[in-house]
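There are 2 protein chains.
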Amino acid sequence: MPLTKPKVSKRGKEMPASPIRKLIPLADEIKKKGVKVYHLNIGQPDIPTPVEFMNAIRNYPNKVLAYGNSKGDIRLIQSMVEYYERKNIFVQPENIQITTGGSEALIFAMICISDVGEEIIVFEPFYTNYNSFARMADINLVPIPTKAENGYHLPDKKIIEKKITSKTRGILLATPNNPTGTVFTKPEMETIAELAKKHDLFFLSDEVYREFIYEGVHTSVMNMEGIEDRAILLDSISKRYSACGARIGCLVSKNKEVTDTALKLGQSRLCSPSIEQYGAIGALGLPEDYFLAMADEYKRRRDTCHAELMKIPGVFCQKPSGAFYIMAKFPVMDIEDFARWMLSDFSLDGATTMIAPGPGFYASKGMGKDEARIAYVLNVEDLKKAMRILAKGVEQYKKIKGKS
Amino acid sequence: MPLTKPKVSKRGKEMPASPIRKLIPLADEIKKKGVKVYHLNIGQPDIPTPVEFMNAIRNYPNKVLAYGNSKGDIRLIQSMVEYYERKNIFVQPENIQITTGGSEALIFAMICISDVGEEIIVFEPFYTNYNSFARMADINLVPIPTKAENGYHLPDKKIIEKKITSKTRGILLATPNNPTGTVFTKPEMETIAELAKKHDLFFLSDEVYREFIYEGVHTSVMNMEGIEDRAILLDSISKRYSACGARIGCLVSKNKEVTDTALKLGQSRLCSPSIEQYGAIGALGLPEDYFLAMADEYKRRRDTCHAELMKIPGVFCQKPSGAFYIMAKFPVMDIEDFARWMLSDFSLDGATTMIAPGPGFYASKGMGKDEARIAYVLNVEDLKKAMRILAKGVEQYKKIKGKS
Numbered sequence: 001m002p003l004t005k006p007k008v009s010k011r012g013k014e015m016p017a018s019p020i021r022k023l024i025p026l027a028d029e030i031k032k033k034g035v036k037v038y039h040l041n042i043g044q045p046d047i048p049t050p051v052e053f054m055n056a057i058r059n060y061p062n063k064v065l066a067y068g069n070s071k072g073d074i075r076l077i078q079s080m081v082e083y084y085e086r087k088n089i090f091v092q093p094e095n096i097q098i099t100t101g102g103s104e105a106l107i108f109a110m111i112c113i114s115d116v117g118e119e120i121i122v123f124e125p126f127y128t129n130y131n132s133f134a135r136m137a138d139i140n141l142v143p144i145p146t147k148a149e150n151g152y153h154l155p156d157k158k159i160i161e162k163k164i165t166s167k168t169r170g171i172l173l174a175t176p177n178n179p180t181g182t183v184f185t186k187p188e189m190e191t192i193a194e195l196a197k198k199h200d201l202f203f204l205s206d207e208v209y210r211e212f213i214y215e216g217v218h219t220s221v222m223n224m225e226g227i228e229d230r231a232i233l234l235d236s237i238s239k240r241y242s243a244c245g246a247r248i249g250c251l252v253s254k255n256k257e258v259t260d261t262a263l264k265l266g267q268s269r270l271c272s273p274s275i276e277q278y279g280a281i282g283a284l285g286l287p288e289d290y291f292l293a294m295a296d297e298y299k300r301r302r303d304t305c306h307a308e309l310m311k312i313p314g315v316f317c318q319k320p321s322g323a324f325y326i327m328a329k330f331p332v333m334d335i336e337d338f339a340r341w342m343l344s345d346f347s348l349d350g351a352t353t354m355i356a357p358g359p360g361f362y363a364s365k366g367m368g369k370d371e372a373r374i375a376y377v378l379n380v381e382d383l384k385k386a387m388r389i390l391a392k393g394v395e396q397y398k399k400i401k402g403k404s
Numbered sequence: 001m002p003l004t005k006p007k008v009s010k011r012g013k014e015m016p017a018s019p020i021r022k023l024i025p026l027a028d029e030i031k032k033k034g035v036k037v038y039h040l041n042i043g044q045p046d047i048p049t050p051v052e053f054m055n056a057i058r059n060y061p062n063k064v065l066a067y068g069n070s071k072g073d074i075r076l077i078q079s080m081v082e083y084y085e086r087k088n089i090f091v092q093p094e095n096i097q098i099t100t101g102g103s104e105a106l107i108f109a110m111i112c113i114s115d116v117g118e119e120i121i122v123f124e125p126f127y128t129n130y131n132s133f134a135r136m137a138d139i140n141l142v143p144i145p146t147k148a149e150n151g152y153h154l155p156d157k158k159i160i161e162k163k164i165t166s167k168t169r170g171i172l173l174a175t176p177n178n179p180t181g182t183v184f185t186k187p188e189m190e191t192i193a194e195l196a197k198k199h200d201l202f203f204l205s206d207e208v209y210r211e212f213i214y215e216g217v218h219t220s221v222m223n224m225e226g227i228e229d230r231a232i233l234l235d236s237i238s239k240r241y242s243a244c245g246a247r248i249g250c251l252v253s254k255n256k257e258v259t260d261t262a263l264k265l266g267q268s269r270l271c272s273p274s275i276e277q278y279g280a281i282g283a284l285g286l287p288e289d290y291f292l293a294m295a296d297e298y299k300r301r302r303d304t305c306h307a308e309l310m311k312i313p314g315v316f317c318q319k320p321s322g323a324f325y326i327m328a329k330f331p332v333m334d335i336e337d338f339a340r341w342m343l344s345d346f347s348l349d350g351a352t353t354m355i356a357p358g359p360g361f362y363a364s365k366g367m368g369k370d371e372a373r374i375a376y377v378l379n380v381e382d383l384k385k386a387m388r389i390l391a392k393g394v395e396q397y398k399k400i401k402g403k404s
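Protein chains in written order, with the numbering used here: chain A, 1 to 404; chain B, 1 to 404.
It cannot be assumed that every hint is accurate.
Where chains are identical, the list cannot tell them apart; a pair therefore holds if satisfied intra-copy or between any two copies.
[Stated by the list, open to error] Here are the simulated lysine to any residue pairs, SDA-like style, with alpha carbons at most 25 angstroms apart:
#, residue 1, residue 2
1, Lys392, Arg301
2, Lys369, Ile160
3, Lys5, Ser166
4, Lys7, Thr168
5, Lys5, Asp115
6, Lys13, Leu141
7, Lys329, Lys399
8, Lys13, Asn150
9, Lys13, Asn140
FYI, nobody ran anything at the bench for these hints, they're computed from the structure.
Extracted from the complex, chain A is given alone in its bound form (with noise of 0.2 angstroms):
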């Protein structure tokens, strides 16, 4: 046997578990006491994947299942094109890196602009694995607080280029945001993109979330003058055509040096899955009134989430413009023990409600310790249900714990 143990790299151990996921076990071992759970806690919707990408999965042609082109199948990238114009986007097939899902366009562009060491402005709260994408590509992430009382809009221009170092390459945020559900305004995108001319940065924009908006609309950093150089689009299929398990995304630029950079990286990994980009370039043709219908129900989802959230004694929230979360500020001192004691716990009529804590979507030590994320995707039904069960565990919580 060696005297010594092997040991995993310091990056390994800082890497951060998913505080998404973690709670996943705890959840595993009620449900197979036949306690059911409420997921409030992951980005999930229970809208059926469109048959277009069913149908196009089951009819794919080819005997040999081979690699793909690295850059992604051409008829998805022309696909994406078309789907970009109908959204006022306009791009050719050459500015579009297909990626592994939106994840793999987030850790493509870090990689792409940043070298070790160096750093990402972002706005906390933000979503959770820009975290772990950082420590990936070993740069570090610079956060700069927004804060629920307005809506977790962005600071003032100053706050912003007071963090700007020799060391920032960028400037990344998510619009509509991930977990605020913040859709930020034309002037506020207008101010990021003068900071990137002005200090020589990239403009990073994750827009996941882009149909899922109840009001105002959307702005696209593709749609910024004078820095089309600098403008990076991280995109995915996943939330808009409820198709989370097919990893297909993209990353969208016209500055061709960080394309053809995106191309090398995609290239080491060969290729994207074949088979679900098949089934992509399926929903990719479905007409805006899909995306319609959709917001439509998740407006009645945001607007039950919100009403049922604010019933809750000492919880607080905004009531969010977009994406299909909420992040809501609760009566506890440390939302993780009360996410845990809800699934190890507490159960109301056999069932209970699993959130998202907040910190995991901080990079500043010790912020939201009284927060979580609640997706909103379940239908309107069982989102009381779990909303209801919710405001008891609270209520029990306080009760044993004390309260905050």
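Dock chain B against the given chain A, drawing on the hints supplied.
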């Protein structure tokens, strides 16, 4: 317009373009002109993907294509355990992390065991994308040459040991090897295992060509005694089930810290492709004679390819024992120029041959300039045609450019 043009990262610039794929635009160009291209450049088998895989996909039962488990579909993991058992490799479900292709298994392994600037020893020539993964992970591959003259087997233990420094975290090899087809012997594997134990290293073994063996037997890293916590197996279904477009692989380790870290990496990208995992479950039930028939077919191809290569004046190569590649020396000064010339300036009866230039399979500068990797993934008849074209091409190229 900005005063400065935004720059990509240094590592992005340094990332090598795939030597296997970067000549594809040239091939596409001549295909448009009606020239047929025999692809000996890429390890894309022409064998049909098993109907068991395709039928599973066609019968995918879920209405919502939801996120899967980050560790992998539990049924797929169980099928893998049973597959390994048939190969006399005994592992538990918790030892397996499903990855998005063998590519992701390799990059996960590198990040799991090494920090920025640390080292992994490899044997040249090696699978070209190890270079790309190392650039993404920002680690250094320390190459040790192997020689055609002794079938690219490992050099003396002392030569390997000399390359181990305080920064070394692991030794990586592929058996059977890509691009050399070398099957490492049990004593060779034991030598690496001993070094791993003595110097506190991980032993990473890429075994995606396990079934493609024509002489000798396969020795898995998982069966090396005394290094149970140092052995990391990298695997993929791409080659053995002719399903390269399905991005399904795995990382296997009995070291819990390694699989825990790999799972965190897995959580960051949410899940591997759900539908293609479902297909893989179908394929993994295939009996052993599926592989025997396939190995038989590839043995015929190897014999043809080797015999034809040996007929070309000035070409030298060993007959490999495994995989489906031959690394061959050509009578040219600059193999990349020759490979390009074959695509842009040469054809015979309306067809030409594409090969993978050697330098991409080395980390040492200047190596492999007269070598190419030939993938014998075509049926015997096509292979003969392709080799005839290659022979004529060498003859004519020598006349034009002069002998080396």
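Hint check:
In this homomeric assembly, lysine 392 and arginine 301 come within 25 angstroms of each other (Cα to Cα) only inside a single copy, at 20 angstroms, whereas the closest approach across copies is 69 angstroms. Taking the shortest Cα distances, lysine 369 and isoleucine 160 sit within 25 angstroms of each other inside one copy (24 angstroms), while across copies they are farther apart (51 angstroms). With identical chains, the CA atoms of lysine 5 and serine 166 are at most 25 angstroms apart between copies only, with a shortest distance of 16 angstroms across copies and 40 angstroms within one. Taking identical chains as interchangeable, the C-alpha atoms of lysine 7 and threonine 168 lie at most 25 angstroms apart only when they sit on different chains, with a minimum of 12 angstroms there against 32 angstroms within one chain.
In the homo-oligomer, the alpha carbons of lysine 5 and aspartate 115 lie at most 25 angstroms apart only across protomers (17 angstroms), although the nearest pairing inside one protomer, at 31 angstroms, exceeds that limit. In this assembly of identical chains, the alpha carbons of lysine 13 and leucine 141 lie at most 25 angstroms apart whether taken from the same copy (18 angstroms) or from different copies (22 angstroms). When the C-alpha separation of lysine 329 and lysine 399 is checked against a cutoff of 25 angstroms, the pair qualifies only within one copy, where the shortest distance is 18 angstroms, while the shortest distance between copies is 78 angstroms. Within a single copy, lysine 13 and asparagine 150 get their C-alpha atoms no closer than 36 angstroms, and across copies no closer than 41 angstroms, so neither meets the 25 angstroms cut-off.
For the homomeric pair lysine 13 and asparagine 140, the shortest alpha-carbon distances inside one copy (16 angstroms) and between copies (20 angstroms) are both at most 25 angstroms.
Of the numbered hints stated above, the single one contradicted by the structure is hint 8.
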